[in-house]
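A.B. asks: Got chain A; can you put chains B and C on it based on the hints?
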Amino acid sequence: MVTPASSIVAYDLLRWIVLIPLLASVINLFWGRALGKNSAGALASAAVGASFALALYVFWQLPATGIFRDLVYTWFESGSFRVNLSFQVDALTAVMLLVVTGIGFLIHVYSLGYMGHDDGMVRFFVYLNLFIFFMLLLVMGDNLLILFVGWEGVGLCSYLLIGFWYHDHNNTIAGNKAFIVNRIGDFGFLLGILLLVTELGRQGIWTLDFLELQGHVQMLSPAIISLITFLLFVGATGKSAQLPLFVWLPDAMAGPTPVSALIHAATMVTAGVYMTARLHFLFALAPSTLSVIAWIGAATAFFAATIAVTQNDIKKVLAYSTVSQLGYMFLAVGIGAFSAAIFHVFTHAFFKACLFLGSGSVIHALGGEQDMRKMGGLKAHMPRTYWTYVIATLAIAGIPFTAGFFSKDLILWQTFSHGATLQWGIVLITAGMTAFYMFRQLFMVFHGECRADAHAKAHLHESPAVMTMPLVILAIGSIFAGWLGAPEYLWGSRWDHWLAGVFGAAPAHHGSVSTEIMITLITLAVVAVGIGLAYAKYGRTDSKVGASVDSGSILYRLSLNKYYVDEIYDGVFVRPFTACSQFFAQIIDPSVIDGAVNGIAAATRGMSSIWVGLQTGNVQHYLAAFLVGTLALLAYCLGQL
Amino acid sequence: MDPSTLIFFVLATLLVVSSLMVVFLRNVVHCAMALVAALLIIAIYFVTLQAPMVGVLQVLVYAGAIMVLFLFVIMLLNPMTPEQPRRAWWTLGTLLALLLAGGLVPMLTKSEPAGDPLAATELFGSPEMLAKSLFSDFVLPFEIASVLLLVAIVGAVVLAKREH
Amino acid sequence: MVPLHYYLIVSAIVFAIGVLGVLIRRNLIVILMSIELMLNAVNLTFIAFSRFLGSMEGQVVVFFVMAVAAAEAVIGLAIIISVFRHRQTLDPQEMQLLKW
Numbered sequence: 001m002v003t004p005a006s007s008i009v010a011y012d013l014l015r016w017i018v019l020i021p022l023l024a025s026v027i028n029l030f031w032g033r034a035l036g037k038n039s040a041g042a043l044a045s046a047a048v049g050a051s052f053a054l055a056l057y058v059f060w061q062l063p064a065t066g067i068f069r070d071l072v073y074t075w076f077e078s079g080s081f082r083v084n085l086s087f088q089v090d091a092l093t094a095v096m097l098l099v100v101t102g103i104g105f106l107i108h109v110y111s112l113g114y115m116g117h118d119d120g121m122v123r124f125f126v127y128l129n130l131f132i133f134f135m136l137l138l139v140m141g142d143n144l145l146i147l148f149v150g151w152e153g154v155g156l157c158s159y160l161l162i163g164f165w166y167h168d169h170n171n172t173i174a175g176n177k178a179f180i181v182n183r184i185g186d187f188g189f190l191l192g193i194l195l196l197v198t199e200l201g202r203q204g205i206w207t208l209d210f211l212e213l214q215g216h217v218q219m220l221s222p223a224i225i226s227l228i229t230f231l232l233f234v235g236a237t238g239k240s241a242q243l244p245l246f247v248w249l250p251d252a253m254a255g256p257t258p259v260s261a262l263i264h265a266a267t268m269v270t271a272g273v274y275m276t277a278r279l280h281f282l283f284a285l286a287p288s289t290l291s292v293i294a295w296i297g298a299a300t301a302f303f304a305a306t307i308a309v310t311q312n313d314i315k316k317v318l319a320y321s322t323v324s325q326l327g328y329m330f331l332a333v334g335i336g337a338f339s340a341a342i343f344h345v346f347t348h349a350f351f352k353a354c355l356f357l358g359s360g361s362v363i364h365a366l367g368g369e370q371d372m373r374k375m376g377g378l379k380a381h382m383p384r385t386y387w388t389y390v391i392a393t394l395a396i397a398g399i400p401f402t403a404g405f406f407s408k409d410l411i412l413w414q415t416f417s418h419g420a421t422l423q424w425g426i427v428l429i430t431a432g433m434t435a436f437y438m439f440r441q442l443f444m445v446f447h448g449e450c451r452a453d454a455h456a457k458a459h460l461h462e463s464p465a466v467m468t469m470p471l472v473i474l475a476i477g478s479i480f481a482g483w484l485g486a487p488e489y490l491w492g493s494r495w496d497h498w499l500a501g502v503f504g505a506a507p508a509h510h511g512s513v514s515t516e517i518m519i520t521l522i523t524l525a526v527v528a529v530g531i532g533l534a535y536a537k538y539g540r541t542d543s544k545v546g547a548s549v550d551s552g553s554i555l556y557r558l559s560l561n562k563y564y565v566d567e568i569y570d571g572v573f574v575r576p577f578t579a580c581s582q583f584f585a586q587i588i589d590p591s592v593i594d595g596a597v598n599g600i601a602a603a604t605r606g607m608s609s610i611w612v613g614l615q616t617g618n619v620q621h622y623l624a625a626f627l628v629g630t631l632a633l634l635a636y637c638l639g640q641l
Numbered sequence: 001m002d003p004s005t006l007i008f009f010v011l012a013t014l015l016v017v018s019s020l021m022v023v024f025l026r027n028v029v030h031c032a033m034a035l036v037a038a039l040l041i042i043a044i045y046f047v048t049l050q051a052p053m054v055g056v057l058q059v060l061v062y063a064g065a066i067m068v069l070f071l072f073v074i075m076l077l078n079p080m081t082p083e084q085p086r087r088a089w090w091t092l093g094t095l096l097a098l099l100l101a102g103g104l105v106p107m108l109t110k111s112e113p114a115g116d117p118l119a120a121t122e123l124f125g126s127p128e129m130l131a132k133s134l135f136s137d138f139v140l141p142f143e144i145a146s147v148l149l150l151v152a153i154v155g156a157v158v159l160a161k162r163e164h
Numbered sequence: 001m002v003p004l005h006y007y008l009i010v011s012a013i014v015f016a017i018g019v020l021g022v023l024i025r026r027n028l029i030v031i032l033m034s035i036e037l038m039l040n041a042v043n044l045t046f047i048a049f050s051r052f053l054g055s056m057e058g059q060v061v062v063f064f065v066m067a068v069a070a071a072e073a074v075i076g077l078a079i080i081i082s083v084f085r086h087r088q089t090l091d092p093q094e095m096q097l098l099k100w
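As you go down the protein sequences, you meet chains A, B and C in turn.
If you read the first sequence in our numbering, its first letter stands for residue 1, the second for the next number, and so on.
If you read the second sequence in our numbering, its first letter stands for residue 1, the second for the next number, and so on.
If you read the third sequence in our numbering, its first letter stands for residue 1, the second for the next number, and so on.
Chain A on its own, in the form it takes in the complex (with noise of 0.2 angstroms):
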């Protein structure tokens, strides 16, 4: 492992980029009633897009090898163990950083458009800029314990807005499962960082700091290691959906549109890939674990990906889609390839977040409508959201030259020189897929008849600007975001040479060039043959969309209703667990516990009107006890002579 650079500058900027969100969030908080709607919009988005300002510059003075630190003060100090609040920029981290802000700030621009109707739009913006906050709290900490903070965080501003539409109870519902099974995942983290922390206590080195970390974890034992990047990952599974705690990611789709695409697919989503990145010198040394992730990885690409094809809600499909980038993403952190997991996440966000925000479009545009069977023709009426969707699509199934097509083929590539054919396999077939489902969400859209009722039609008509441009400038952002990581037969990749610093130089090719080519040529033609399937079936204009396809197949029906997991897990852990709590509440508390403080309560009571026969008021009683007891001193006293 390459060692961290020599040059580490303490940089006291960084804190602003932090914290001007938070400044805006709770002057939003406080007088965004008072400053209105529009106001309150416009200061959130200019606090974002000052961060994205000081972010850029930061990368521009940052040199590849580069640390930036920004020591605020120390949080606490117990013995040798110090924890300070303070922030750190190095390569991988101003990558995510220009990501979290310049998306974020795109976002909000949005959703100046978006929600401008809605009442609660103060109320957004409030936990919108707190979510950036403690989204740049997670990538910008300089230790485990800052980064969870920030985890938290982002949890709970996700769990605050995918319930955001409060009187309807569904929402508050979908909330409380995405934060609740976050919990799972943040149980086993934590677990994991309070293990790494006492054994390297046990060492003698008392610290979470991310550079000491680097320098002091190879003391460890490999069980022990193994056994902490498990843990992790746990966590890593519930913040970022894979297999077995996505669940929540479908259901979070119940929240505004700028949310799933912010939250959902560009930034909180990936912050278990962020982890395992800002981890890698502690995975490496774990292979078991390793070999887990890349298996997951592999398993949830596939699996949500025969989910997302049968699938009618705009926003359902892009959900799934979402979980099956991420199992890309993961794959690649599994087989070692760090620098193309992030790659891959610094593309995803651009043409996953085009993509949610043109669903937004649509949906804003048709009145609410999300079911896909009750769109279409909508390339007509919405010009500028049909083409940045095209493009975005193009992305993301991996046509040439598109951003997808660079970080998916990196990943199959490096996925099958290393040897893991079973788990390239796979993915090839899931790459497949994710070009039928995208292709299949814009036939049905934007192509052929219009089947919306004339409620919508009446409606339809193009975003305002406001909307568009973010749209647009992702849909350049999908194609020229790649361009950085071409592989070596093409031009080059400036990607691996930047985060270099990080991740060490890049691993040899296991393979020859030819090799590389026909892998992705390979590749190329699965997709087409999706492409191809999805015309067929979607994109004629005798294609008939309202009656669904192979209806009443159980293959069919066991995708659509998508496996039934919600149902399983809630019969194997729900039920059980609240008939536990049942239990525990209506009989054990009142009964036992209960039982246990009243009848101590009553025993009191019953020795009392026992021993209060004592007091009979009559003094010659109270005479007679005295003089026993006189009595008793006596006679012990004769005893002593």
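Please keep in mind that the hints were generated in silico from the structure rather than gathered at the bench.
Mixed in with the good hints, there may be bad ones.
[As the list claims (entries may be wrong)] Pulled from the structure, derived: some chain A residues nowhere near chain C, Cβ distances all over 12 angstroms:
1. L43
2. L98
3. L290
4. G419
5. G613
[Unchecked claim] To spell it out: a stretch of chain B is covered by chain C in this simulated footprint if at least three of its residues, at any positions, have a beta carbon under 8 angstroms from a beta carbon of chain C; those stretches are:
6. 55-66
7. 145-155
None of these values were measured; they are calculated from a predicted model.
C-beta atoms are modelled at their ideal positions from N, C-alpha and C, and glycine is treated no differently.
C.D. replies: Same frame as chain A, but now just chains B and C:
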């Protein structure tokens, strides 16, 4: 048996009998009279024990003033209803008193200082000796006792006043 | 010479009789008189010890006991008068208000 011992036993018997009379007689005035008798016998004992000053004080203060006060109150209150004897309580009380006596006697006699009584000087127990101790070693308790008596007087007047 | 412990035995007996009186009688005045009896028994003990130890302190104590007994008898009788005015009785059994 020499005369002093004989006198002692006679007086002891009389003392015990009058004490029993104080406790067991029905009529309160009779009890008061028995108590006076007991006090006088004790005064005699004081004199035989070479405490003449205290003996005289016993007669003057105790038998004289205090018992007169008792008689005044008895006359004032004129309690008439005789009490009903309670068998169970009386047996218990007697038992306890017997136990008490039984315990005290060995206690007191075992801890007796051995040897003859020290030769008493002429002045032992006389007013001079008493006064000497009282006004030198015990002057503080003396003063406090006077305050106590003052307080008792005031208290008694307040308590026994007829309410208006 | 009469030995010391004769006096002590007599004193103990009179004390016990006084205790008996306090316990048994249902007339407040007689109870007070029994208390005086007890005090006198103790006085006898003090004087006896004073004689046999050759110290005046015993007699001084008796002096004070008498003073205090006087004060106490006065207050006690005043209380009895006060109680009699309210309750028209001298039976301690009738005065059992201070109980649960």
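A.B. asks: Each of the hints needs a verdict: does it hold here or not?
C.D. replies: Now the hints, each set against the structure:
no. : hint    : verdict
1   : L43     : holds (71 angstroms)
2   : L98     : holds (80 angstroms)
3   : L290    : holds (76 angstroms)
4   : G419    : holds (89 angstroms)
5   : G613    : violated (9 angstroms)
6   : 55-66   : holds (count 6)
7   : 145-155 : holds (count 7)
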